[in-house]
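Spelled out, the chains give:
There are 4 protein chains.
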Amino acid sequence: MTLKPYAIVAGVGAGTGAAVARRFAKQYPVALLARSPDFSRKLAAEIEAEGGTAVSYKVDVADEEDMARVFGEITQRFGTTCAAAIFNASSRPFPKPFLWQTQADVDHALNITLNGAYNFAKATLPLLLNATGGAVVPTLLYTGATAAVKANAWLQPFAVSKHSLRALVLALADEFAPQGVHVAHAIIDGVIRMPLTWIMKPLSSWHAKLDPNAIADSYWHLHQQPLAHMTAEIALRPFCETW
Amino acid sequence: MTLKPYAIVAGVGAGTGAAVARRFAKQYPVALLARSPDFSRKLAAEIEAEGGTAVSYKVDVADEEDMARVFGEITQRFGTTCAAAIFNASSRPFPKPFLWQTQADVDHALNITLNGAYNFAKATLPLLLNATGGAVVPTLLYTGATAAVKANAWLQPFAVSKHSLRALVLALADEFAPQGVHVAHAIIDGVIRMPLTWIMKPLSSWHAKLDPNAIADSYWHLHQQPLAHMTAEIALRPFCETW
Amino acid sequence: MTLKPYAIVAGVGAGTGAAVARRFAKQYPVALLARSPDFSRKLAAEIEAEGGTAVSYKVDVADEEDMARVFGEITQRFGTTCAAAIFNASSRPFPKPFLWQTQADVDHALNITLNGAYNFAKATLPLLLNATGGAVVPTLLYTGATAAVKANAWLQPFAVSKHSLRALVLALADEFAPQGVHVAHAIIDGVIRMPLTWIMKPLSSWHAKLDPNAIADSYWHLHQQPLAHMTAEIALRPFCETW
Amino acid sequence: MTLKPYAIVAGVGAGTGAAVARRFAKQYPVALLARSPDFSRKLAAEIEAEGGTAVSYKVDVADEEDMARVFGEITQRFGTTCAAAIFNASSRPFPKPFLWQTQADVDHALNITLNGAYNFAKATLPLLLNATGGAVVPTLLYTGATAAVKANAWLQPFAVSKHSLRALVLALADEFAPQGVHVAHAIIDGVIRMPLTWIMKPLSSWHAKLDPNAIADSYWHLHQQPLAHMTAEIALRPFCETW
Numbered sequence: 001m002t003l004k005p006y007a008i009v010a011g012v013g014a015g016t017g018a019a020v021a022r023r024f025a026k027q028y029p030v031a032l033l034a035r036s037p038d039f040s041r042k043l044a045a046e047i048e049a050e051g052g053t054a055v056s057y058k059v060d061v062a063d064e065e066d067m068a069r070v071f072g073e074i075t076q077r078f079g080t081t082c083a084a085a086i087f088n089a090s091s092r093p094f095p096k097p098f099l100w101q102t103q104a105d106v107d108h109a110l111n112i113t114l115n116g117a118y119n120f121a122k123a124t125l126p127l128l129l130n131a132t133g134g135a136v137v138p139t140l141l142y143t144g145a146t147a148a149v150k151a152n153a154w155l156q157p158f159a160v161s162k163h164s165l166r167a168l169v170l171a172l173a174d175e176f177a178p179q180g181v182h183v184a185h186a187i188i189d190g191v192i193r194m195p196l197t198w199i200m201k202p203l204s205s206w207h208a209k210l211d212p213n214a215i216a217d218s219y220w221h222l223h224q225q226p227l228a229h230m231t232a233e234i235a236l237r238p239f240c241e242t243w
Numbered sequence: 001m002t003l004k005p006y007a008i009v010a011g012v013g014a015g016t017g018a019a020v021a022r023r024f025a026k027q028y029p030v031a032l033l034a035r036s037p038d039f040s041r042k043l044a045a046e047i048e049a050e051g052g053t054a055v056s057y058k059v060d061v062a063d064e065e066d067m068a069r070v071f072g073e074i075t076q077r078f079g080t081t082c083a084a085a086i087f088n089a090s091s092r093p094f095p096k097p098f099l100w101q102t103q104a105d106v107d108h109a110l111n112i113t114l115n116g117a118y119n120f121a122k123a124t125l126p127l128l129l130n131a132t133g134g135a136v137v138p139t140l141l142y143t144g145a146t147a148a149v150k151a152n153a154w155l156q157p158f159a160v161s162k163h164s165l166r167a168l169v170l171a172l173a174d175e176f177a178p179q180g181v182h183v184a185h186a187i188i189d190g191v192i193r194m195p196l197t198w199i200m201k202p203l204s205s206w207h208a209k210l211d212p213n214a215i216a217d218s219y220w221h222l223h224q225q226p227l228a229h230m231t232a233e234i235a236l237r238p239f240c241e242t243w
Numbered sequence: 001m002t003l004k005p006y007a008i009v010a011g012v013g014a015g016t017g018a019a020v021a022r023r024f025a026k027q028y029p030v031a032l033l034a035r036s037p038d039f040s041r042k043l044a045a046e047i048e049a050e051g052g053t054a055v056s057y058k059v060d061v062a063d064e065e066d067m068a069r070v071f072g073e074i075t076q077r078f079g080t081t082c083a084a085a086i087f088n089a090s091s092r093p094f095p096k097p098f099l100w101q102t103q104a105d106v107d108h109a110l111n112i113t114l115n116g117a118y119n120f121a122k123a124t125l126p127l128l129l130n131a132t133g134g135a136v137v138p139t140l141l142y143t144g145a146t147a148a149v150k151a152n153a154w155l156q157p158f159a160v161s162k163h164s165l166r167a168l169v170l171a172l173a174d175e176f177a178p179q180g181v182h183v184a185h186a187i188i189d190g191v192i193r194m195p196l197t198w199i200m201k202p203l204s205s206w207h208a209k210l211d212p213n214a215i216a217d218s219y220w221h222l223h224q225q226p227l228a229h230m231t232a233e234i235a236l237r238p239f240c241e242t243w
Numbered sequence: 001m002t003l004k005p006y007a008i009v010a011g012v013g014a015g016t017g018a019a020v021a022r023r024f025a026k027q028y029p030v031a032l033l034a035r036s037p038d039f040s041r042k043l044a045a046e047i048e049a050e051g052g053t054a055v056s057y058k059v060d061v062a063d064e065e066d067m068a069r070v071f072g073e074i075t076q077r078f079g080t081t082c083a084a085a086i087f088n089a090s091s092r093p094f095p096k097p098f099l100w101q102t103q104a105d106v107d108h109a110l111n112i113t114l115n116g117a118y119n120f121a122k123a124t125l126p127l128l129l130n131a132t133g134g135a136v137v138p139t140l141l142y143t144g145a146t147a148a149v150k151a152n153a154w155l156q157p158f159a160v161s162k163h164s165l166r167a168l169v170l171a172l173a174d175e176f177a178p179q180g181v182h183v184a185h186a187i188i189d190g191v192i193r194m195p196l197t198w199i200m201k202p203l204s205s206w207h208a209k210l211d212p213n214a215i216a217d218s219y220w221h222l223h224q225q226p227l228a229h230m231t232a233e234i235a236l237r238p239f240c241e242t243w
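Chains as they are written, first to last, in the UniProt record's numbering: chain X, 1 to 243; chain L, 1 to 243; chain V, 1 to 243; chain Z, 1 to 243.
Please keep in mind that the hints were generated in silico from the structure rather than gathered at the bench. All clues stand as given, with none of them false.
Cβ-to-Cβ under 8 Å is the rule here; a few derived chain V residues that face chain Z:
1. 221
2. 228
3. 235
Just so it is clear, CB atoms sit at the ideal spot from N, CA and C, and this is done for glycine as well.
Model the full assembly from the supplied sequences, consistent with the hints where possible.
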């Protein structure tokens, strides 16, 4: 029996992760990766109830061995031809004066964002390369943030992790696009950017929140782009952001 | 009788313009603007034959009066509620040592690219503002080039015109997004960028050509983005470009 | 008699232009170009009084013929070997809603900033090329603004002109650096940037003003850089700017 | 006895580090930090022989405790008022296909470049803040690379480390400029950038090498900039680079 190509979504929380999982589940069986699988298990059940195929996996993306274990289970269940892999895990920004920060703050941010992203690329690229040559370009997507291109006071760890993620993704795009894999970085330019934002948010929280379903639609669109027409980076922001 | 919202496409040649016109004609009546209307008239006939609505208009987008005349005709025919306006006109890059260039080279590039884009914004924004508040965000799209973000030797006039176009579009996005119009700039990163390219092209001309239908799909996707999730700039390039 | 290399400064007003002229006059005879020569004539007299050599020329940099006339006078007086040429002329930003702007607003901004810069490059590059091969790298510097890299609502004409200037300068750098001329663009990131600024300025006008003498020092430093070590773009901003 | 302000240079090898140390030693006592102190000890002796003051310290900048120990010695010897701190340590780029890379490659690059830079900021900023309010703005400079803004295939670890360094430095600039410390990032745009470069280098190795003394001059110039006129990032490249 030949297995269908499938999708893998890492970092499945109630926001973007869930929306992306639902969107790709319309077309593919989906493997959902989450550190705390309570939500993703419930989501998998919902997707199955709607006629899709979804399995939730508990994993720490930053842990190489744990990832190896889980990808063993995934390939056993879904095979070795992956059509789309979306990485959505992230540390949270936590503004703090630099001289109060510790190395642990940076390590924490890098561990989830960079090491997780790195392990995810290592695990998924061989599966994505197996899907090249077909009608749809296999796609590796990463969710980034404004902090990937702008570094603000008090947010060094977050900016460091998001800049480094962007470097990883764009270098992967440079290496794997010629091999037929679409690698892309999305700059979610709609949340927390600087201390000022904490004050602004209450005034505009309703408008300033990016719609996760629209993000999922944009990711799906990137996945539909043919080889001769690929977007390596896309920025998404709400119409009313003032920065 | 209330008229349906419609789309306007300026710079309708055999490549991107035609593909965009066909894509938007699936949903909207389309007004096609071209300097030499031989092609666009034929295209309009084809769209009509397939059940769509399309009218070709001969106009020099760089000429303010000519634009006023044509937009008079367009609004009389299609009304004053425009859902999407796409600007696709451009001068061609022509590499020449700077000291051999003349002011006329710059003026020529600016005339089509910048003045045309400016007149197009002036004419379409009032019609687009009439379409705000509905399910779909009215959209003003401009086709740019790599030269909008990279300025190479021998191509001063082209780079000047594309940088200036980008400035216009991003400033329009900054002004009109809060008013409910999605303004966006597409960097078509797949053609002529530096003298070296002339040599490289024969080796890869087949692969290096962006697919106009895929560009049209990306434009359509931008048009579908909701207010809370908008991309102001998108770069598109073939998988095998090496720059 | 062999004439010494000299410097040419265009756009000599009371701020940056004057400071740059004074700084380069310490080393070179200077030709000062200004549209309204009242100030530059006085400045030339002061420089002469301090033992320097300076001549003021009345010229409209945007006017090709006027520039040809003046450069005829300059080369007759100072010879054809120019060590440094600094362009400092600019239109002023004038915030206005896009739909209230006219083509004349854009033309006005482009005329001074882009056409002036273009004529200046055409007139000075042959004289700068004559100075290559010596101890000091002949230098062509342009004063730009934040609007060269950021386009804000209501300021389309200013942003368009500054983006286009930047494209011209960086393409000139790409073409003439290999020929031994240092071409560079300075982003003066310290003044008027968005409507908000008009409100902020009274609170911080004293601190937010870049010191013209420091700009002149930075320009002089760029002029001292050797061939194997050149900066094509430099951004300068006061320590207290909050954008 | 009041001690004079002094300079600290980390990463003192035979190239940029030595040139920067010599340049700042003309004005300040200098503390030289190096992992392998053979060279820096010799350099310190030379500086002393020429009438300067220099002490070499063996330290692993990536090791927080080792840094604490060394800065204890430095402040005991030179006091707690530091005028300039320059970080110059770096991993080397080593091109390798992504799927052959290991987490250790990334950790190695991050350890020297990012952790070293972080520890250096933590140790020097309190000393630099002690020097604010005087005639010269205390300065914290970091040497970066093209890979800080461009991520190429096969060089993920190097790009990741240099992007993250840049994020750290620009966020520090954002935080400490208003407190009177000039923090800046230098993009040394003259070496290894992509696999292609390996082939190009033999053809142009002589010209393509940035002159370390010129880099030192540019760093000194940044250190001379007043508060009202600061450059947060400077790019330096040889005239003949073709990328």
